[in-house]
Amino acid sequence: MATWAKTLTIATQGRETIDITSRVQRVVDESGIRVGLCNVFIHHTSASLLVSENADPQVHADLERFMSRLVVDGDPLFRHIEEGDDDMSAHVRSVLTATTLCFPVSQARIPLGTWQGIYLWEHRTSPHGRKITVTVQGETRMEGER
Amino acid sequence: MATWAKTLTIATQGRETIDITSRVQRVVDESGIRVGLCNVFIHHTSASLLVSENADPQVHADLERFMSRLVVDGDPLFRHIEEGDDDMSAHVRSVLTATTLCFPVSQARIPLGTWQGIYLWEHRTSPHGRKITVTVQGETRMEGER
Amino acid sequence: MATWAKTLTIATQGRETIDITSRVQRVVDESGIRVGLCNVFIHHTSASLLVSENADPQVHADLERFMSRLVVDGDPLFRHIEEGDDDMSAHVRSVLTATTLCFPVSQARIPLGTWQGIYLWEHRTSPHGRKITVTVQGETRMEGER
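Residue numbers (numbering that gives the first Met the number 0), protein chains in the order written: chain A, 0 to 145; chain B, 0 to 145; chain C, 0 to 145.
Pulled out of the complex, with its shape left as it was, chain A reads as follows:
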């Protein structure tokens, strides 16, 4: 049983979803772990993690439109407004999605469904460097695998 962890920085161009599937899988590759768990953690409260459809870009455009309507930038309800209209809405959007995800590792891969991708969702409108930590814990041999 071994543990392997790596912290990555993802550059964002403002509000957008970024496919990080291959970057996460690469850490699993480096770990040499064949069966176990893979945790992804984002060190921020105004960007979050997402598992979603990876085929049709319209899905992410629709997700963004839905979320923008549900959590309105500059909503007069919000009093935490120091950093602008997208400040508090970014925190709410993070809370409604995920800060940590935990995947199985099987045969040295995250066994995502055909249409699943792992995404970072930048909720601020300006570019940021976002830190995520990928931690892989498990067995380097085949025992325990089904």
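Hints listed in this document are in silico derivations from the structure and should not be mistaken for laboratory results.
Check each hint, because a few of them may be wrong.
No distinction is drawn between identical chains; accordingly, a pair holds when it is met within one copy or between any pair of copies.
Dumping the calculated SDA-like pairs for lysine to any residue here, alpha-carbon to alpha-carbon at most 25 Å [what the hints assert, rightly or not]:
| hint | residue 1 | residue 2 |
| --- | --- | --- |
| 1 | K130 | E15 |
| 2 | K130 | R14 |
| 3 | K5 | E15 |
| 4 | K5 | R33 |
| 5 | K130 | A107 |
| 6 | K130 | Q106 |
| 7 | K130 | Q12 |
Got chain A sorted already, so can you dock chains B and C onto it with the hints?
Then chains B and C, alone, in the frame of chain A:
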């Protein structure tokens, strides 16, 4: 320390919640692991995972009514509509709930609260076969347990 | 590789967020684990877990205002009303946030971002004692750490 994983297929009859608690616990039983972690992962983006009240069926009816009103099938906002009115709404509902859950294992059981159950939430209106993977990682003896 | 788990009871004074970061970190300290995973699980369906901004108290006031408007106590949609107007809304609020969180452990700490705190969100309006279980799994030495 050992890892045990199993992939199950859950048949759904359309939009509904299905109690998978005993099926998840059975994988923990098979693993022989007494203390550790149990990850549940669903390999889909239009069905999701849920921990919720398991006593009063009205809770799940209310959850469904709330979610249907929040994420409206056929919302004109949505452009990803190839598979019907419940296509994009299913993706949004998945994003607002969970694709992965991670539970403790203690004394060979997931120590759910009295009223907690683990559910698969089918968000499409037609029947599907949904794949989930349950991964258990931990110690087969008592060491480390509190 | 070791596993360490502890169940804590958090007293709440009614609907509020409570910073549990130091209590969770204390279990990591006790575990002696330097690199691995830390799972937090709440044994309830009307209180939940949250990672959010820890600097400006307005953020949590805004989160509460947003959530109260999105999930209205006593919404006529709800039929599970035995325990009062905040009963079903508490379940919905739990479903929209998190029942389980899983963090990395690195250099014997949960490497939270500068502005991140771990919170328990009590969704009922009356005081409760809430049980959470913190499970730490990993290596007590430095191997595998990056």
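Outcome of the hint check:
| no. | hint | verdict |
| --- | --- | --- |
| 1 | K130 <-> E15 | within (16 Å within a copy, 29 Å between copies) |
| 2 | K130 <-> R14 | within (16 Å within a copy, 32 Å between copies) |
| 3 | K5 <-> E15 | within (23 Å within a copy, 35 Å between copies) |
| 4 | K5 <-> R33 | both (17 Å within a copy, 14 Å between copies) |
| 5 | K130 <-> A107 | both (24 Å within a copy, 19 Å between copies) |
| 6 | K130 <-> Q106 | between (27 Å within a copy, 17 Å between copies) |
| 7 | K130 <-> Q12 | within (14 Å within a copy, 35 Å between copies) |
In this structure, none of the earlier numbered hints is contradicted; all agree with it.
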